[in-house]
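Please build the complex by placing chain B on the supplied structure of chain A, with the hints as guidance.
Each protein sequence line maps, in turn, to chains A and B.
End of the first sequence sits at 597 in our numbering; the numbers just go up one at a time, nothing left out.
End of the second sequence sits at 376 in our numbering; the numbers just go up one at a time, nothing left out.
This list has only true hints and no planted wrong ones.
Listed next, the in silico BS3-like pairs over lysine-lysine satisfying Cα-Cα at most 25 Å (straight line):
id : chain 1 : residue 1 : chain 2 : residue 2
1  : A       : LYS530    : A       : LYS376
2  : B       : LYS230    : A       : LYS350
3  : B       : LYS105    : A       : LYS507
4  : A       : LYS495    : A       : LYS514
5  : A       : LYS530    : B       : LYS367
6  : A       : LYS350    : A       : LYS556
7  : A       : LYS488    : B       : LYS104
8  : B       : LYS291    : B       : LYS367
9  : B       : LYS104    : A       : LYS495
10 : A       : LYS514    : B       : LYS367
11 : A       : LYS530    : A       : LYS556
12 : A       : LYS507    : A       : LYS488
13 : A       : LYS556    : B       : LYS318
14 : A       : LYS495    : B       : LYS105
15 : B       : LYS230    : B       : LYS318
16 : A       : LYS507    : A       : LYS495
17 : A       : LYS556    : A       : LYS376
18 : B       : LYS104    : A       : LYS507
19 : A       : LYS514    : A       : LYS488
20 : A       : LYS488    : B       : LYS105
21 : A       : LYS556    : B       : LYS230
22 : B       : LYS367    : A       : LYS488
Away from chain B, derived, C-beta distances all over 10 Å, residues of chain A:
id : residue
23 : GLU340
24 : ASP364
25 : LEU517
Source of the hints: derived by calculation from the structure; they are not laboratory data.
These numbers were taken from a predicted model, which means no experiment stands behind them.
Every residue gets a Cβ at the ideal spot worked out from N, C-alpha and C, and that includes glycine.
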Amino acid sequence: MRRRAVGIQWCPPPFLFRNREAVISQRRKRYIRDRLNIFIFLLPTIFFVFVFIAFPIGYSAYLSLTEYNYARDPAPKFIGFRGYIYTLFHDVFFHDALLNQVKFAIPYFIATFTFSLGLAILINELVFGTRFFQVLFYLPMIIPLSLVGIIFAWVLAPDIGIFDHILRWMGIKNWNIDWFGNPYTAIYCLAIARSWKMIGFTLIIFLAGLQAIPKELREAAKVDGANFLQEIFKVVLPNLKPYLLIGGIWILINSIKTFELPAVVTEGGPGTSTLTLYLYSWKLAFERLDMGRASQVAYITATIILVLSWVLNRIFRPETARRA
Amino acid sequence: MRTLFNFWRKKRLTLLVLVTFLAALYISPLLWMLNTSLRPTWDIYRYPPTILPRKVTLENYVYVLTQMSGFGRYFLNSIVVTFSTVVLVLIASAMGGYAFGVRRFRGQDLLFTGVILVLTIPYIMYLIPIYMMEDKLGLQNNWLGLILPYVALNLPWGLLIMRGAFSTIPLDIRDAAIIDGCNEFQLWFRVMLPITKPALAATTIITFVFAWQEYMFASTLMTKNQWQTLPVGIVWLRDELQTLVYGRIGAMVVLTIVPVFILFLAFRNFFIKGLSEGMLKG
Numbered sequence: 274m275r276r277r278a279v280g281i282q283w284c285p286p287p288f289l290f291r292n293r294e295a296v297i298s299q300r301r302k303r304y305i306r307d308r309l310n311i312f313i314f315l316l317p318t319i320f321f322v323f324v325f326i327a328f329p330i331g332y333s334a335y336l337s338l339t340e341y342n343y344a345r346d347p348a349p350k351f352i353g354f355r356g357y358i359y360t361l362f363h364d365v366f367f368h369d370a371l372l373n374q375v376k377f378a379i380p381y382f383i384a385t386f387t388f389s390l391g392l393a394i395l396i397n398e399l400v401f402g403t404r405f406f407q408v409l410f411y412l413p414m415i416i417p418l419s420l421v422g423i424i425f426a427w428v429l430a431p432d433i434g435i436f437d438h439i440l441r442w443m444g445i446k447n448w449n450i451d452w453f454g455n456p457y458t459a460i461y462c463l464a465i466a467r468s469w470k471m472i473g474f475t476l477i478i479f480l481a482g483l484q485a486i487p488k489e490l491r492e493a494a495k496v497d498g499a500n501f502l503q504e505i506f507k508v509v510l511p512n513l514k515p516y517l518l519i520g521g522i523w524i525l526i527n528s529i530k531t532f533e534l535p536a537v538v539t540e541g542g543p544g545t546s547t548l549t550l551y552l553y554s555w556k557l558a559f560e561r562l563d564m565g566r567a568s569q570v571a572y573i574t575a576t577i578i579l580v581l582s583w584v585l586n587r588i589f590r591p592e593t594a595r596r597a
Numbered sequence: 095m096r097t098l099f100n101f102w103r104k105k106r107l108t109l110l111v112l113v114t115f116l117a118a119l120y121i122s123p124l125l126w127m128l129n130t131s132l133r134p135t136w137d138i139y140r141y142p143p144t145i146l147p148r149k150v151t152l153e154n155y156v157y158v159l160t161q162m163s164g165f166g167r168y169f170l171n172s173i174v175v176t177f178s179t180v181v182l183v184l185i186a187s188a189m190g191g192y193a194f195g196v197r198r199f200r201g202q203d204l205l206f207t208g209v210i211l212v213l214t215i216p217y218i219m220y221l222i223p224i225y226m227m228e229d230k231l232g233l234q235n236n237w238l239g240l241i242l243p244y245v246a247l248n249l250p251w252g253l254l255i256m257r258g259a260f261s262t263i264p265l266d267i268r269d270a271a272i273i274d275g276c277n278e279f280q281l282w283f284r285v286m287l288p289i290t291k292p293a294l295a296a297t298t299i300i301t302f303v304f305a306w307q308e309y310m311f312a313s314t315l316m317t318k319n320q321w322q323t324l325p326v327g328i329v330w331l332r333d334e335l336q337t338l339v340y341g342r343i344g345a346m347v348v349l350t351i352v353p354v355f356i357l358f359l360a361f362r363n364f365f366i367k368g369l370s371e372g373m374l375k376g
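For reference, chain A alone in the conformation it holds in the complex (with noise of 0.2 Å):
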């Protein structure tokens, strides 16, 4: 991966020549000009990066050690780690929000999981149609997260909507539950209703993770006489593992990344029953304008997340690079 920094032309070596000096003087110039070259070349990265990415980060985590209401105030007035405190102590809407995702992550990732990893193992198996199956499964990654959120809303309706419909039809009677109205219920369906849209992602990396087994260990399972199930628990699943915890990390990650469903279905409510982090701070932020706790409570965030990360790519990473 590592390269030699070769400059761009070639230039003979300084003994060659009687005035070794200027060469030796055209040879900076030229390692300048190398180097202003590359520069050029990042220069639009490093605009949009530190524009956009690392001026934003800076000042947010200002903004989070003070106190300051975008309306109202005119400079924000710092007020150091006390802003911390109150939320993560004293904040009830904070723990709520973070309870909800608690609660919205853990159907969310058993949905995601299993369902993408089963199909995965299925459509590798498949003799024709893989790639039919594919594109479908792939369907909803390209379609707006508030989209599937209406749609979701729409098959899920009181009264005229078709799930219930459906239940009842099957036998259930007077079935009709106000999917996203009731605050026992919302937050799960909005879990559902983000990993349907996750599926296709974790397929894609289970599937390139299936595709990467090599066809004579399932072979040679098979000459040993192992039965379909047992192929697939003690040789493919094994091998799959480093995916799975790739797969896994995403899926916990993209849970805490949580918006648009509740900000376009339920609005956090009922109630705070699904109010998520990032929506709070959304709240805090563009409805109150309070951009210091909207600050604080975005770092709590990316702290949960960046540590999260750390940690699986800390306890699964070694498994990862023995396999590698």
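Okay, now just chain B, sitting in the frame of chain A:
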């Protein structure tokens, strides 16, 4: 032997049936929306609901395309914002990918890690300062105000893909080009860029799909109706009209998905390859 063959065939058939069933179940919400969009309003809201439409019409589509001026405007905004984002991301990531993949310089790994970190950090963290910044600069309610943050957010994927593509190019090509008298810009544009065409295609489709879908930035930075993009605009229309509109909403959803779907079908291999590469590395 014969029984074994039969068993094998039966297993294959069961598998096909099972996958077809799951696929139908999986795609059914989308089909239901399509179904709804093809019905007249009286049919959609009649109790009890039926699975098959009692009457199939295109009136919802006609209404959305001719009567709703908002939808056309959203569509235009989405197209402009998405295309500009794609073009800018392509330029920036092709240049940056060359620097990261072919050249060596001080602080390279640090800078690249920093860029990749963008993918994991919650976007809301950028959104708050960007909102304040755009408020000060008057970039709100403006195509540019949406394009610039989108480029910044989509650049990491592009860089990841383009760096991978550039770093697989053998250095001999570079040496040959230099001996033939190329300068660095020509080397990049004439020699290396054509080799990375598949990666450029992957970047295009991924950026397009992501920018077409974005909701949070669009809903926050664009406060006026006429500057809104499709994913947000449709939600606003739904909130505005409230009742008896699911036929029209369905038509709008279908119309929104169609352009991405066509692109997705055309570029799906690049899309899948680019995504898996990015996800497995990131």
